[in-house]
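**Student:** This is what each chain is made of:
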Amino acid sequence: MTFIALIPLFPLIGFLINGLGYGKISKTAVPWIGTGASLLSFVCVLLAYLNFKETAIIVNLFDWISIAGLNVGFSFQLDQLSIIMLFVITGVGTLIHLYSAGYMSHDEGYGKFFAYLNLFLFSMILLVLGGNYLMMFIGWEGVGLCSYLLIGFWNKNTDYANAARKAFIMNRIGDVGFLIGIFLILQNFGTLEYLEVFEKAKAFHVGDGIIVAITMALFVGAMGKSAQIPLFTWLPDAMAGPTPVSALIHAATMVTSGIYMIVRSNVLYTLSPFTLEFIAWIGLATALLGATIGLFQNDIKKVLAYSTVSQLGYMFLGLGVMAYSSGLFHVITHAFFKALLFLGAGSVIHAMSDDQDIRNMGGLWSKIKITAITFLVGTIAISGIPPFSGFFSKDEILAHVFEHNKIMWALGMLGSFMTAFYMFRLFFVTFKGSFRGTEEQKHHLHESPKSMTTPLIVLAVLSAIGGFIGFPEVFHLPHRLNEFLSPIFENSRLVNSSFGVVHISHNLELILMGASVLVAVISILFAYMVFGNGKNVPVADSEVVGLKKLVYNKYYIDELYNKVFVGPISAISFFFANVIDKKLIDKIVNSVGEGVNFSSKKIKELQVGVTGSYILFMTLGILLLVLYQFGPSLLSTFNLLQNK
Amino acid sequence: MQSGLLSSLIILPLIASIIVLLLPAAYKASYRWISLITQILLLINVGTLIGAFDPQKNEYQFLEHYEWIRLTLGNSSILSIDYIIGLDGLSLAMVSLSVLVFFIANISSFSIAKKEKAYFSLFLLLTATVIGCFVAIDFFLFFIFFEFMLLPMYFLIGIWGGPNKAYASLKFIIYTLVGSVMILVVMIALAMSNVDEFFTSEYKTTVFSFDFRILSDTNNLLKGSLLSIQNPIKIFGVNARDFMFLLLFIGFGIKLPMVPFHTWLPDAHVEAPTPISVVLAGILLKIGGYGLIRIAYGFFPDVATNYSLLISIMGLISILYGGFNALAQKDLKKLIAYSSISHMGFVLIGIAAFNVEGFNGAIFQMFSHGLLSSMLFLVAGVLYERTHNREIANFKGLAKNMPLFTVMVAIAFFGSLGLPSLSGFIGEFFTLFGSFQSSKIPKVIPVLGVLGIVLSAVYLLWTFQKMFFGEFWTKEEFKKSLTDLDQKEIFMLSTLGALTLLFGIFPNLLFDLINPTVIHLFK
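So the sequences go chain by chain: E and G.
Quick note: the first sequence uses this note's numbering, first residue 1, plus one each step.
Quick note: the second sequence uses this note's numbering, first residue 1001, plus one each step.
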């Protein structure tokens, strides 16, 4: 299967050409190379898919590491799961490359940008196509690096550079868990190859301690990469990167790696209900936290960023109730509509001469029609209105949650309500009413070039109809996604009899569906009442007070982390360097030296040739000798005399 | 087969050193070239050796054995000291690293503009002794090289060093000498306890030997001798074998360096000229790790397992303490020195694991650190050469003015912080995994060790950001001199960078060489 190896190869070549030729390749060729590499990769995915027949294909390029009994191959595994992920990555990736050709065209680092994008694509493909956990880890770190490079793309701005560093380090903290998970797997299974690990996993029982440990450790990695509580604060800051980056990396692909990891390891997670419950609660909490913060943000990208945090939470919530394919379904639809929304936001920012504050916008509907309409499609999709894509995937997750735990479901619905609200708030404030920006901005208002609007249109179509790959059972229409993915969950079905069993009656399913649509509609109407006329504009930062201020400032979590972690770490390092190292260890070392110097100086005086001191020492010496020789007998004589 | 190829690695630089010494000052300009040509010859010879080396053979290869000293002792027994050199996977890896690092350091030495004759003859002498140290398989010979290395090192720091060079070079030499004394004690004890059966029957009297191959086999221990396993003799209330092992541990630990015996390293690095820093970090530290594996663990495997916990804790302390210290440094070179300490901590953790994964990881880590630390010190040298300043706070936004330099620094930094696909990751992964696997070490140690990887990301990225991001800014007087890399620097840095990438992607290039040796060690 040569197509498989070609999938990552094209972006790698693209990276090398644009990277090594940076500054030498003409500006017109750069986007062709970058986008072309991505497109070719997409074509290979398509070809690989067409040739694919149900069973996983392993391609071992070479033996990567072999020591003692351990063998880790540099291998790819093409199966249903990797195909789905590859389609999303290369498909959405290609659209975003195309978009960037227009969006970044005025930037001096144009070639560099495309090189990084291709490198990202390459790493992301390794992540999902790798045939073992170590391959996943390479890709995992690779995308982290690209994320770092791209968030800090405009690194002259200190805040942006800070955001890049924060993202990398927070991800690193998650990686500690991932690495420990890998160690545990290697220790207990003797291999890292997926197929072997999952085969051996069947010998374990539900709830075995070691599996709990492995799954929890891996999940810590997922928390970092997919921005879950407590490791989520890097993602909103990551919006410092150019908007196509936010769309590709921080919405559609990289941040869903954590979900991929869990779906990939679904056997292990199915064996560990404890971890699943934990994941569900973390996911739910993150979904709600993200949504509440999203309610009050005024930066168009920040709203979308918190929305991403929140939607990722929903995906984990789905995974936590063993609705793996529903979680993955949401990954797909979310990739469509969130990429669309970010690119749309980019188009708005482009039109607004790089202003991102929605309080300065308003009335853009008529000015940038294509952007506005496609943005509306995305907004409807995320809000969960049928038949747009977000409805299908989110509803599926919530139906599973309902079955698992009613309270969780109710909280999930609350999140849905907030989602529809903050999204339509964003939409109304941006596009309705009249323009609030400066005259200069108004003068510059223009629709984006074709290279930017084409991806918007394609993504809008996908956001609208993308949900049709998985119809709810009640409609008696095929759920193509579930059918396709089914072999991936074979082992889960074997190890845990409760996996995949649905108790919900069709009536109940319809009621749940109706409820979520109703919630979304009410929320939208509510948003319309508040912001629909375009006159009610969010207030200036200084006027935000009370509870709202707390939420507006993201619950001061960043400040808390600074106090609890950053401060003490600097203090410790200062203490180690300036007290222990200098004042203690070196003090001892130097005083040993000084001690030797001092004593040698003193001993030196014994032989300086001064007759007086020689005589003194001689006398003392004789005295000592006499005392040594006769001392005891003198003492006893003395005692004897005294006793008498 | 005594081809002499291996000896040439020691003899060539020695001869070159003498040539440089004898050539009149009129040929001053040729010193560096003589030295460089020698290094290239060494590279070629080592290349030949690698080609001819058979990793599957479980013995020293390219063996050269000449009788040297036969000392008849009082009780008519004989002390045999021989010139024996040979290579196994471990020493071949270290020798390859040595010739590579010396080659790079030699190029970097081209900018030395003071007392060139002395410099290059000492530099060549250092080359010979370091390689000798790795190929010697007679303890006495090893020790001679080990000690002799200090002489050129002392002068290279003491003469060509920075403002505080006298303190630094003295500190370096005294620290190392203290370690040497400990090793010397053990060497004598070992030799007086091990009997060469073959020669004993030939000479018809007890022959004590320094041969590594004899020392590493506990069957050769003389019954009732100081180090006998059966009836242990106590020294200060500790079994003699334990005592000797601990002496070796500290002796080589100083060289590694291991916290708390590390404070000579930052000082030495800060004062040493760039090429000497490169050699120091790239190679000299590895002798500590090499000695621990070859000698401490090789000759005392029975007691070594008792100290896994202790050694892994020392490793962990080095990792974390070094990392925290690095975070607080203001001088770029000091920061790199502390990061070296932190990275060598992984070597300790790997060795402490006392299993195949851990040892492989430790050796890989040494190799990889040799590449990366050389790169890092060259990077620091690039700035120092241009501005005579290394204060991190004096530079901002260099990415704009020195783009190529920035790329190289990024490779070195990301390699050091353990990014997969660069060599640093493999070493850290396997040292930690080895210790995770080990039944002697509680899991909490490797788990905390992983935090070291986070810490390295913190201090390296923070430094990277401070120096390379933001608007370009530096002191007025530096502005003119801050030009991007020249050809020489590009060559050195990109060679090392390419190797880091190569071994990160194809770690088997090294593992294939060392793994059979490591497995053999455990038999």
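A portion of the hints provided could be inaccurate.
Said to hold, decoys possible - Mimicking PhoX-like on lysine-lysine, the simulated pairs with C-alpha atoms at most 25 Å apart in a straight line are: (1) 1488/G to 156/E; (2) 1475/G to 583/E; (3) 1396/G to 156/E; (4) 1114/G to 27/E; (5) 582/E to 1165/G; (6) 563/E to 1440/G; (7) 24/E to 1330/G; (8) 1114/G to 1488/G.
Quick caveat, the hints were computed from the structure, so don't treat them as lab data.
These numbers were taken from a predicted model, which means no experiment stands behind them.
**Student:** Next step is simple, just say for each hint if it's right about the structure.
**Tutor:** Hint-by-hint comparison with the structure:
{"no.": "1", "hint": "1488/G to 156/E", "verdict": "violated, 29 Å"}
{"no.": "2", "hint": "1475/G to 583/E", "verdict": "violated, 32 Å"}
{"no.": "3", "hint": "1396/G to 156/E", "verdict": "holds, 10 Å"}
{"no.": "4", "hint": "1114/G to 27/E", "verdict": "violated, 48 Å"}
{"no.": "5", "hint": "582/E to 1165/G", "verdict": "holds, 18 Å"}
{"no.": "6", "hint": "563/E to 1440/G", "verdict": "violated, 37 Å"}
{"no.": "7", "hint": "24/E to 1330/G", "verdict": "violated, 37 Å"}
{"no.": "8", "hint": "1114/G to 1488/G", "verdict": "holds, 19 Å"}
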